[in-house]
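Chemist: Each chain is listed here by its residues.
2 protein chains.
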Amino acid sequence: MMNPGIKLVALAVALTFTYSATAQEPISPIEPVKEINLAMVELGKKLYFDPRLSKSGFISCNSCHNLSMGGTDNLKTSIGHNWQQGPINAPTVLNSSMNLAQFWDGRAADLKEQAGGPIANPGEMAFTHTLAIEVLESIPAYVTEFTQVFGPDCINIDQVTEAIAEFEKTLVTPNSRFDQWLLGDTKAITAEELAGYELFKNSGCVACHMGPALGGSSFQKMGLVAPYETKNTAEGLSAVTGKDADRFKFKVPTLRNVELTYPYFHDGEAATLSEAVDIMGRLQLGRKFEKTEIDQMVAFLITLTGEQPSFELPILPPSTDQTPRPAPFE
Amino acid sequence: MMNPGIKLVALAVALTFTYSATAQEPISPIEPVKEINLAMVELGKKLYFDPRLSKSGFISCNSCHNLSMGGTDNLKTSIGHNWQQGPINAPTVLNSSMNLAQFWDGRAADLKEQAGGPIANPGEMAFTHTLAIEVLESIPAYVTEFTQVFGPDCINIDQVTEAIAEFEKTLVTPNSRFDQWLLGDTKAITAEELAGYELFKNSGCVACHMGPALGGSSFQKMGLVAPYETKNTAEGLSAVTGKDADRFKFKVPTLRNVELTYPYFHDGEAATLSEAVDIMGRLQLGRKFEKTEIDQMVAFLITLTGEQPSFELPILPPSTDQTPRPAPFE
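These protein sequence lines map, in sequence, to chains G and P.
Residues 19 to 348 (the numbering used here) are what the first sequence spells out, left to right.
Residues 19 to 348 (the numbering used here) are what the second sequence spells out, left to right.
Chain G with its partners taken away, still in its complex shape (with noise of 0.2 Å):
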């Protein structure tokens, strides 16, 4: 039998080995939620499945970025109010804390601020944010558990994106066999994947996809080396600067989860994540992949799926007589 000091001498030894490795690698692993207000996570939960927030009552957060579903809708562009086609991707909610703004544009600053637009979005929720507290305030156990996170005062729509802001915020994904590796698991990814990783960074990839979410802190113009087409009409940055130089910029959009949040792009167009890995190869890298380099980097991409948010589906507390009632046909 060993001896214990010897013991805990090759421990130390291995995690500042780990260490070392996880330091050096350009990305890192997802942390764990810290400073959550679980009372305000709960009643964020709710109002993210609340379809009363919308004019019709039948779309809630949860419809475009389905938590079922990779956070997202896994369509090209989403369904809004009266079956209106969306003008750009769902992106995912998942690690959405981690984006330096919101929306593709980011055209919010964080999460509370993105929270309120869908909801009076006329081609989305279609709602106003004075009728969505309305509703709210006409349903006492809101009312009580508003008054439980926020004080006695009345609902407002800050306190709503608030609430909402903090149940997101709980929805990362750590554990990935990828996170696995980088925490010093040598097996936790195999042998092509390895090879993808080592292919993503060194074809250049990792420069816009990097740390914990591989993407989210940075705005680059999709199109780089080569003009990407497309029929989709949004600007990007440009649209919130007033910018030219800012034309066609997106945010850089994150890869955890990747496998489940197709198609790809801000305007969807991408299927699957061979034909992703090979557009963004050739328009921003100026390279052409071979089919086995697609192969492994979609390998290791793969690797990015992380647990998904567990939680038991939230019970909506019922309209009363009082609570104005959707009007989905007018």
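Hint data in this document are derived by calculation from the structure and do not stem from the laboratory.
The structure displayed is predicted, hence computed values, not measured ones.
Even for Gly, the Cβ is constructed at its ideal location relative to N, Cα and C.
Any given hint could be a false lead.
Per label pair, the in silico range of CB-to-CB distance [what the hints assert, rightly or not]:
id, chain 1, residue 1, chain 2, residue 2, range
1, P, Asp203, G, Asp203, 34 to 40 Å
2, P, Thr248, G, Ser328, 41 to 47 Å
3, G, Leu303, P, Trp101, 38 to 44 Å
4, G, Lys306, P, Val51, 55 to 61 Å
5, P, Asn174, G, Leu242, 21 to 27 Å
6, P, Pro140, G, Pro105, 26 to 32 Å
7, P, Arg265, G, Val51, 56 to 62 Å
Only some residues are given here: those of chain G computed to face chain P with a beta carbon under 10 Å [said to hold, decoys possible]:
id, residue
8, Gly75
9, Met87
10, Val167
11, Phe168
12, Cys172
13, Lys219
14, Thr290
With chain G fixed as given, assemble chain P onto it according to the hints.
Modeler: Okay, now just chain P, sitting in the frame of chain G:
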């Protein structure tokens, strides 16, 4: 200290008394779910939440029978593919295994037969059974799960609907305050609620709304004493039997969880419980209830809200490169 023998006798007397009390009532408590195939339930739960069983990739069983909202959509009539307005109010899926038949007109014999309807209905999910199977067959995790549950044959629509039905059988809502009262807890309901129940029995509501589900066991004419006026064109049972005598006969809906399943009637035109009780009294019983009587009856009806099905939001297996993509805007 009491002699243990005496204690046992006392318990036996109490139990007998409770049993007798319950046996005299025309309503019985919801029984626990038995003989359930758990693996099939888990598969059925995923299918129930999977919008890939619709043409758009946007509508799942849970869209209109939302388990966060009493197993309904809380709309007068539902929203279908391309925002089509449904012809009839979506009945709750909760306790629907107790119905003598499914749909308002009873055109499906059981839950299994019902489950296939909306998938292929052009006004609802607008898909075909063939395409739904194609989608499922392309997803290895589904293929494995179907194989575990049904054996190694190819996936077929019978298996899909059987699994959904098995999940739906678990969607019962036991332990309402009224059931606690039925089981002997005399303090579980208030004097007003009890008065409402007595009125419910004595005025004749219970003639149709009886049994464990307080309904679901017969077809009755809507507008028995006085005609019911509606713009809704649903014909009811006659559409199934072809008999003119069955015109405007609808399945008596369950009153379990009726607090959550607003709006009411096959056309969804009664917005509140008070309105529904008033109309039922006048049109079915020829009786104009006083406001205090309606209040009592509504108080009773609210004691029928049971424990809502509680489970983790299912995580759906991702599509693959081979999975046919949804076509929401075609």
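Chemist: Against this structure, judge whether each hint is valid.
Modeler: Okay, the hints, checked on the actual structure:
1. Checked against the given bound of 34 to 40 Å, the beta carbons of Asp203(P) and Asp203(G), roughly 53 Å apart, lie outside it.
2. Remark: the range hint 41 to 47 Å for Thr248(P) to Ser328(G) is upheld by a beta-carbon distance near 44 Å.
3. Between Leu303(G) and Trp101(P) the Cβ separation comes to about 42 Å, which falls inside the hinted range of 38 to 44 Å.
4. The supplied range of 55 to 61 Å is met by Lys306(G) and Val51(P), whose beta-carbon atoms lie about 58 Å from each other.
5. In this structure, Asn174(P) and Leu242(G) break the distance hint of 21 to 27 Å, their C-beta atoms being roughly 48 Å apart.
6. One distance hint, 26 to 32 Å for the beta-carbon pair Pro140(P) and Pro105(G), holds here, with the actual separation near 27 Å.
7. About 59 Å separates the C-beta atoms of Arg265(P) and Val51(G), a value consistent with the hinted range of 56 to 62 Å.
8. Among the interface hints, the one on Gly75(G) holds; its C-beta lies about 6 Å from the nearest C-beta in chain P, closer than the 10 Å criterion.
9. For the restraint placing Met87(G) at the interface with chain P, the shortest Cβ-Cβ distance is roughly 6 Å, inside the 10 Å limit, so the hint holds.
10. Hint status for Val167(G): violated, given a least beta-carbon distance of 19 Å to chain P, over 10 Å.
11. A distance limit of 10 Å between C-beta atoms decides the matter here; for Phe168(G) the minimum to chain P is near 22 Å, and the interface restraint is violated.
12. Restraint check, Cys172(G) versus chain P: the minimum CB separation of about 24 Å is more than 10 Å; hint violated.
13. Contact between Lys219(G) and chain P, as hinted, is not supported at the beta carbon level, the nearest pair being about 25 Å apart and thus beyond 10 Å.
14. The restraint placing Thr290(G) at the interface with chain P holds, with a minimum CB-CB distance near 5 Å, inside the 10 Å limit.
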